[in-house]
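2 protein chains.
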Amino acid sequence: MHNLIKELFLKKLNNPILKELSDSAFINYKEKIAFTTDSFVVSPLSFPGADIGKLAVCGTVNDLVMQGAAPEYLSLALIIEEGLDYKTLERIVDSISVNAKEAGVYFVTGDLKVVERGACDKIFINTSGIGRVVKNKKLSLKNIKAKDKIIITGNIAQHGLAVLAKRKELDLGFNIKSDCAALNRLLIPILRKTDGIKFMRDPTRGGVATALNEITEGSRLGIVIEEKNIPISTKVRAASELLGIDPFYIANEGIAILVVNPDSAKGILRLLRKHPLGKNAQIIGEVGKKPKGRVILNTVVGSQRIVDMLTSEPLPRIC
Amino acid sequence: MHNLIKELFLKKLNNPILKELSDSAFINYKEKIAFTTDSFVVSPLSFPGADIGKLAVCGTVNDLVMQGAAPEYLSLALIIEEGLDYKTLERIVDSISVNAKEAGVYFVTGDLKVVERGACDKIFINTSGIGRVVKNKKLSLKNIKAKDKIIITGNIAQHGLAVLAKRKELDLGFNIKSDCAALNRLLIPILRKTDGIKFMRDPTRGGVATALNEITEGSRLGIVIEEKNIPISTKVRAASELLGIDPFYIANEGIAILVVNPDSAKGILRLLRKHPLGKNAQIIGEVGKKPKGRVILNTVVGSQRIVDMLTSEPLPRIC
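Just so you know, the sequences run in chain order A and B. Mind the numbering: the first sequence is residues 7 to 325 in the working numbering, read in order. Mind the numbering: the second sequence is residues 7 to 325 in the working numbering, read in order.
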């Protein structure tokens, strides 16, 4: 175990704080920080567009970003099933290393547990993270008011479908890739530059429908969204129809929902679209006093339907 | 899952930061902080003296304390096997709640994943933690010099034997309890009050032998310890002999090894013994220039033996 840590983890994730290999890492902060944790149990371990390592970096990075914090330091805790082959482990650690570099975050402390065969399914990863809260921006459900605009930063439902297709060995013929991405490079500069962002949420488990419902529940306001404005690729739409799954409920790992001041909406949209991760961003709807606590969808065929919160998990182990 | 979080976790672990139920928690720090992570996969889930919940609190608290940081905020991430009965889960969350209160730490953020039957063994817990580093005390292997004294804060080998006996359903007739305890209330005040502590380590996996070897390896000095001074209960000594296990290699979860300035050793020992968790503290040995990088034990029968680093794990899933 000692050698595994030195040869694999220290090499791939090297930084001056981690090198100390103490049980906990020292960090100097003079500002308000955010702190988060997430475990990753996705099955299969890799799928088009990402793997458990990339998810473990991006998921925790995004949780911090949604709170308006610039992610800086992460912890890495692995639970490994005895007999997991070294190549697989190395590929995962490589992915963690590459994605941490891309996101500009450092793994500064870690833990490794090995359990006997059958006691866990190959590998589970926990990453916790801390980040510096961007000054003078208070993101909160309490800020949201009627007439605020709802922006979505990219195409929906990619991640869940990519995992599902790989898991079920479905040859959908669509080649759908997970959208898994760290959103700090896209969103933190815009948060710093503008004043109109009131709230952010990443629509992971339960998809866009669940995230929107959490917003209406928390703000006690309503949201009306326009189906025609929701960014979705032709492939994803076709695959969802084929499988009979509503893309609104499918997990995403690289997009965010932003609630913004109506005056700032177009400016923020312009900034988002300048970045590769935001090129498909759209204003999809508006907050209103009614229907209180509910989400209404204006469909492309002109009808209206209520978009409910997800009550049971359709796809377990999606992240 | 929504209800489980609100009804169980929020009730038992309630505090103003957690109540926000956002993906990450805000924390104000103006000082140097330490950051750590640990996963807990112990089997069985409970055993005399502790359970996985108590371990998950104390283990992470102690990792921070060993770095000279007063633990403040913890995260809680659970991976639960589908079908785990609610009573068991509630007992574990109760234990987490009680032990967090006792240690004076707050759970401010969390995550919950449920995996299908057979994908994990009942429940795994990750806790990450952050703490405020005690000012003007720099604990480091680099501070250690020849003639420094080695103090151990309590009786050795309790935890590993308690878990082993329960796991194997051994009726040892000794009723050995795990020493599992949060050490911040014992050690942080002494660290603040005195100047003689140079380094601390909790001898968990691999026991006292492994922790001492890590100290000699890191400092490139030697340590000579006196068997007669090592605090060990009669029960533990008898059980170890019966099972043919060397108590030096058995995991502990509620004691620490301190390397202290020779002039301060007696004063620190006095302070330790005033606290219930330190009442069995002993000076067990001394640092020397020789044997470089090795640990020597002077036995009670007058012989000497080398105490090696543990090369293979005798007891997996001990924490």
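Where hints are given, some of them may not hold.
Since the list gives no way to pick out one identical chain from another, each pair is judged satisfied if it fits inside one copy or across any two copies.
Claimed, not checked - DSS-like, lysine-lysine: derived pairs with alpha carbons at most 30 Å apart:
(1) K38 with K141
(2) K234 with K148
(3) K12 with K144
(4) K17 with K241
(5) K174 with K128
None of these hints come from the bench; they were simulated from the model.
Against the structure, the hints:
1. Both within a single protomer and between protomers do K38 and K141 lie at most 30 Å apart by alpha-carbon distance, with minima of 8 Å and 19 Å respectively.
2. Taking identical chains as interchangeable, the C-alpha atoms of K234 and K148 lie at most 30 Å apart only when both belong to the same chain, with a minimum of 28 Å there against 64 Å between chains.
3. In the homo-oligomer, the alpha carbons of K12 and K144 lie at most 30 Å apart only across protomers (25 Å), although the nearest pairing inside one protomer, at 41 Å, exceeds that limit.
4. For the homomeric pair K17 and K241, neither the shortest alpha-carbon distance inside one copy (39 Å) nor that between copies (44 Å) is at most 30 Å.
5. For a Cα distance limit of 30 Å, the shortest separation of K174 from K128 qualifies both inside one copy, at 18 Å, and across copies, at 25 Å.
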